[in-house]
Amino acid sequence: MARHRQKYQKMQYRRYTRSRAGNFFFFFILILGGLFMVLPLFYCVVTSLKPLDELLIFPPRFTVNRPTLENYRVLGALLSNLEVPLSRYVFNSLFITVASTFLSILASSMAAFVFSKSKIKGRKVLFGIVQAMLLYNAVTLAVPQYLIFCKMHIIDSYLAYILPAIPSSVGCFLMKQFIDSNIPDTLLEAARIDGAGIFRMYRSIIMPLIKPAWMTVLLFGFQAMWSAVPSGTVVSEELKTLPYVMSSVSAGGIARTGSAMAITVLLMIPPILVFIITQSNVLETMSSSGIKE
Amino acid sequence: MGRMVKWGKAWLARRGISGETFACYLILLPFMGLFFLFNILPVLSSIVLSFFDYDMVSAPIFTGLDNYVRMFTGDQVFLKVVGTTLRFAIVAGPASYLLSFFLAWMINEFSPRVRVFLTLIFYVPALVGNGYFIWQILFSGDSYAYLNNLLLSFGLITEPIQWFQDTAYNFTVIMIVQFWMSMGVSFLANIAGLQNVNTDLYEAGTIDGIRNRWQELWYITLPSMKSILLFSAVMQIQAVFSISSVIQTLAGYPSVNNSVDTLVSYISDVGITRYELGYASALSVFLFLMVLFVRYIIGGLLNLVGKSDH
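Same order as they appear, the protein sequences are chains A and B.
Take 1 as the starting number for the first sequence in my numbering and just add one per residue.
Take 294 as the starting number for the second sequence in my numbering and just add one per residue.
Chain A with its partners taken away, still in its complex shape (with noise of 0.2 angstroms):
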C-alpha cells in the first residue's frame, strides 16, 4: 500500500507537463510507426500460411482465406533432398552459436572486469583501443582477417565461424561499464581481506552478480551467430548454416514463395524468443552503458 502510494506520488509532476493533446500526438505516431514495422513481417507470416492456389492470385493480398500449415510441411520434403541432411545445417547454426557466445561471455566478462577494476599498467589504453572499435566496419575488417585465417590454416572450418566472434567489443563495453556502476570497490576490497585471489573474486563476486550483462552479451551473439552466414571462409556444404539454406529456398522462384516465407518464419521465432526472455536484463545493463568524456 505505501508503495502504491509512492508511485502515485512520484507520478504527479505528469499531471503538470502533460497535455491531452500531446497525448493523443504521441498515441498516434506510435500506432503508425508500430504498423510501419510491424506489417512485412505480418505479411511474411500470412504468406507462409497460404495454400497454393492463394499464393498465386495476383495482386498478392495481405489476408488469407484458408489457411494452411501446408507449407510448413512441405518443407520437410523440399530439404530432405539437399546435399547434406537439414539436421545438419541444424546443428552448425545451433552449435556455432552457442558456442561463440559462450566463450565471448567468458573472455569479455574477464576482460571487462580487469579493465573495470584492476590497477594494471595499459588497462586505459587497452580500453581505449576497445572502445574505439566498436566504430570499425565489421565488413572492411573481412580482408585482412581473410589473410589471417589463411595463416592459421583455420579456413573452412568451425574455427572460422567462432573464434572471430569471441573478441566482441560491444561485449566487453557493456560488461565493463556494467561492473563500474554496478559493483562497489569495498565489495572486492573485503573479499581481498578475506583472503580471496583474482580468480576466486572473479567466480564468486563478478560473474554471479552481472548475470544482466551476460545475458546482453548473450542476446546479441546470438542475433549476430544466428543470422550469419558464410562468407569466403567457409566452403564446404557440411559447414553451411540455416540462413544460408533459407536462401536457396528462396531461390526456388515464385511456387516456392510460401515454403521461403516458413522457413523465414521459423528463423525468426528463436531471437524473438531470446530477447523475451533477456529484455528486462538487457535494458538493465543498457542503462550504465553511457559513454563519458
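Don't take each hint at face value.
As the list claims (entries may be wrong) - A few chain B residues facing chain A, derived, Cβ under 7 angstroms:
1) L321
2) L582
3) V584
Hints are computed from structural coordinates only; laboratory data are not their basis.
Predicted model, so just to flag it, every value in this text is computed and none were measured.
From the three backbone atoms N, C-alpha and C, an ideal C-beta is built for every residue, glycine too.
Take the given structure of chain A and dock chain B to it, following the hints.
Frame of chain A, contents of chain B only:
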C-alpha cells in the same frame, strides 16, 4: 612443473610484478589475444597495406601515397560512392538517431507491460537480422507486385516502377528499408537510459516552473542521459556508415550507374572481387577516419544539450 612455477614466480618478483598483477594479465589474455588477432592486427595490416600495391599473389610493392592519390584524382567511382555514403549518413543518420530517441521517449510514457510490448514491436526488424528481403516482394518491379499494383489500380501511375533500379526512387526506397531496421542497440540504450532518469528531478522540475513535457525533455531528461546519448550515437554512426548488405540484396551490386552503392560495398568489391588489397586497405583507412571525425563532432554537439540561450 613445480620448478617452472617456482622459476616463473622468481622472474616476476625480480621485475617487481606481484602475483595479483600477473593474474590480472592472465585473465585479460583470452580476450585481448583474440581481439589483437582478429581486430587490431587486421586494422594495423590495413594501415600498412594502404601504402603498398598487393594482389595476394605477387609480393607487395611499396608505392607510398599512390593509393590515396588515386582515390581523389583517378577514381570516379570512389567519389560517387563517398557521395552516396555521406548522403545516407546525413539523411538516415540524424533521422534514425532522433527517431530512436523519440520513439523510446514516447514508449517510456506507458506502463511497464505495455512498454515491453512496444519495445519488442519496434526492435523486431533489427532483431531478426535478414528479414529485409521481404521488402523486395513489396517493392518488386513488375506490375503484379504489391505496391505497383496498388498504385496502378488507383491510377496514380500508368506503368510499373522499377523501384530499385530507377535512380529517381531507389535512394528513397532503400532509406525506408534502412529506417525499418534501424531501431537496434541505440534504441534499447535510449529506452534503458530514460527509465533510469531520477524521477525526483521531474518533481523538482515542476516546482521550478517546468510547464510542459518539451521543457522537461530539454532541461531534465536530455542532460541526465547525455552519456547514453553518446553511446547510442556511436552505435548509430557505425550502423549508418556500414549500410551495404541491404543495398546489395535489394538493388544489386553494382547498382544502376552506381547510384546507391556505398563505400563499404565498394571496398569489398575492390578487395574481395578484384584482389586490389592495397587500394582496398587505403579505402578502409579513409572510411575509419571519416567515421571517427563524425563521432567527435557528435560528441561536441551533445555537450550543448540542456543549455539555455539566456
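Original post:
Checking against the hints above, which ones are violated?
Top reply: Hint 2 is the one this structure does not satisfy, whereas the remaining hints hold.
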